[in-house]
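Participant: Could you slot chain H onto chain Y? The hints should help.
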Amino acid sequence: MTQDTHNTPVGAHAAVAGDHSGHPTPMTYFAVAMILSFMTAIEVAVFYATWLGVGIIAVLAVLSGAKFALVAMFYMHLKYEHRLFSVLFVTGLVLAVLVTFALLGLFRVF
Amino acid sequence: MEQVSAAAPHGAEHEATTTGIDHRKMLVWAFLGSDCMFFGSLIATYLVYKDKSLSGPLPLDVFDIPVTSVSTFVLLMSSMSMVMAYAAISRGSLKGFRIWILSTALMGMTFLAFQVFEFHDFANHEVHLTCAGLDLDELTALERKVAEGCSQPGVTEVFDDKNGLTPRTNLFGTTFFTLVGFHGAHVTIGIIWLLSLFFYSFRQQATTGRSLDVDLAALYWHFVDVVWIVIFTVIYLLGVFEGF
Numbered sequence: 001m002t003q004d005t006h007n008t009p010v011g012a013h014a015a016v017a018g019d020h021s022g023h024p025t026p027m028t029y030f031a032v033a034m035i036l037s038f039m040t041a042i043e044v045a046v047f048y049a050t051w052l053g054v055g056i057i058a059v060l061a062v063l064s065g066a067k068f069a070l071v072a073m074f075y076m077h078l079k080y081e082h083r084l085f086s087v088l089f090v091t092g093l094v095l096a097v098l099v100t101f102a103l104l105g106l107f108r109v110f
Numbered sequence: 111m112e113q114v115s116a117a118a119p120h121g122a123e124h125e126a127t128t129t130g131i132d133h134r135k136m137l138v139w140a141f142l143g144s145d146c147m148f149f150g151s152l153i154a155t156y157l158v159y160k161d162k163s164l165s166g167p168l169p170l171d172v173f174d175i176p177v178t179s180v181s182t183f184v185l186l187m188s189s190m191s192m193v194m195a196y197a198a199i200s201r202g203s204l205k206g207f208r209i210w211i212l213s214t215a216l217m218g219m220t221f222l223a224f225q226v227f228e229f230h231d232f233a234n235h236e237v238h239l240t241c242a243g244l245d246l247d248e249l250t251a252l253e254r255k256v257a258e259g260c261s262q263p264g265v266t267e268v269f270d271d272k273n274g275l276t277p278r279t280n281l282f283g284t285t286f287f288t289l290v291g292f293h294g295a296h297v298t299i300g301i302i303w304l305l306s307l308f309f310y311s312f313r314q315q316a317t318t319g320r321s322l323d324v325d326l327a328a329l330y331w332h333f334v335d336v337v338w339i340v341i342f343t344v345i346y347l348l349g350v351f352e353g354f
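Protein chains in written order, with my numbering: chain Y, 1 to 110; chain H, 111 to 354.
Treat the hints with caution; some may be incorrect.
Claimed, not checked - Just so you have them, the derived chain Y footprint on chain H, three or more residues with Cβ under 8 Å:
| hint | region |
| --- | --- |
| 1 | 151 to 158 |
| 2 | 172 to 186 |
| 3 | 190 to 201 |
| 4 | 281 to 294 |
| 5 | 336 to 347 |
As the list claims (entries may be wrong) - The list that follows gives simulated cross-link-like pairs (lysine to aspartate or glutamate, EDC-like), each with its CA atoms no further than 20 Å apart:
| hint | chain 1 | residue 1 | chain 2 | residue 2 |
| --- | --- | --- | --- | --- |
| 6 | Y | K79 | H | D270 |
| 7 | Y | K79 | H | D132 |
| 8 | H | K255 | H | D245 |
| 9 | H | K135 | H | D270 |
| 10 | H | K205 | H | D323 |
| 11 | H | K255 | H | D270 |
Since the hints were derived computationally from the structure, they do not count as laboratory data. Heads up, the beta-carbon is just placed ideally off N, CA and C, and yes, glycines get one too.
Next up, chain Y with everything else stripped away, as it sits in the complex (with noise of 0.2 Å):
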């Protein structure tokens, strides 16, 4: 990463750029935000769509699912960062998940 950029002077900031070239602008960020706010409305909106019926469980899911990875991506900076960081959150999640449904199975919750 950025050895050779420490204690840069703000005059040699494209040096330190250069570390974080593939991450966003704040206009990125700006509309990333816009994004997970018009999905959160939608969440709320579809909650009160009954006619769905147990269709807005997968609404629902799909809605949090995307939320969670734009998130994860813009704002955590996966999307551009080195792919261990990936392997060590996504390990912890893909955990966290299959520990959920195996105590969902394990006490007949389906």
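Facilitator: Same frame as chain Y, but now just chain H:
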């Protein structure tokens, strides 16, 4: 505009590593991975005990989706504010960094205030029913129990304030407060971290190299946000959906 200084007062921020990846950042990611499992277990426990409570209140009695939606929106916006703080320190704007990180902490505190309000509201849950024209099918189990008072002669209204939700009330209360309480504790730690960075920026001249400090706090803060995204959907929205 106040700019960052040319040199880090406390020397180089990154140690040379064999992988080329900063150890602190890797440690934070490993911690977040393990925290996923922690919250996964709490969510699983909540789901396992869902519908196992012998008495109310239940999610349908206490959850107020519009209020929780607003607090969710506040937390989402705090994540945007956090990345703006990181972007500001990365481009050398100390003033911008201070404004954004302080607004992030304030939004975090607003979210916590919503949680305190919600917990207080749950603990003091009241049922107030007018007996005339009651449709029992429209009522929750707890409300039906309270509505039994309407069968007494001369009673036109029934009121109950003895069925507040606390961690000791039922399985729903125990698992809900444990899960949401731990999330609230994470938010509290995050706020302390953010405020520490804010005040630290006055004591020491920041440098572009110090942006890693902000990056690590940002990672933690965004993690708190993604956990809430899951909690809001699984616990709140699906919690009051009878088909789930």
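Participant: All hints, please: hold or fail.
Facilitator: The hints, checked one at a time:
no.: 1; hint: 151 to 158; verdict: holds (count 6)
no.: 2; hint: 172 to 186; verdict: holds (count 6)
no.: 3; hint: 190 to 201; verdict: holds (count 7)
no.: 4; hint: 281 to 294; verdict: violated (count 0)
no.: 5; hint: 336 to 347; verdict: holds (count 7)
no.: 6; hint: Y:K79 with H:D270; verdict: violated, 53 Å
no.: 7; hint: Y:K79 with H:D132; verdict: holds, 17 Å
no.: 8; hint: H:K255 with H:D245; verdict: holds, 13 Å
no.: 9; hint: H:K135 with H:D270; verdict: violated, 52 Å
no.: 10; hint: H:K205 with H:D323; verdict: holds, 17 Å
no.: 11; hint: H:K255 with H:D270; verdict: holds, 10 Å
Violated hints, listed in ascending order, are 4, 6, 9; each of the other numbered hints is respected by the structure.
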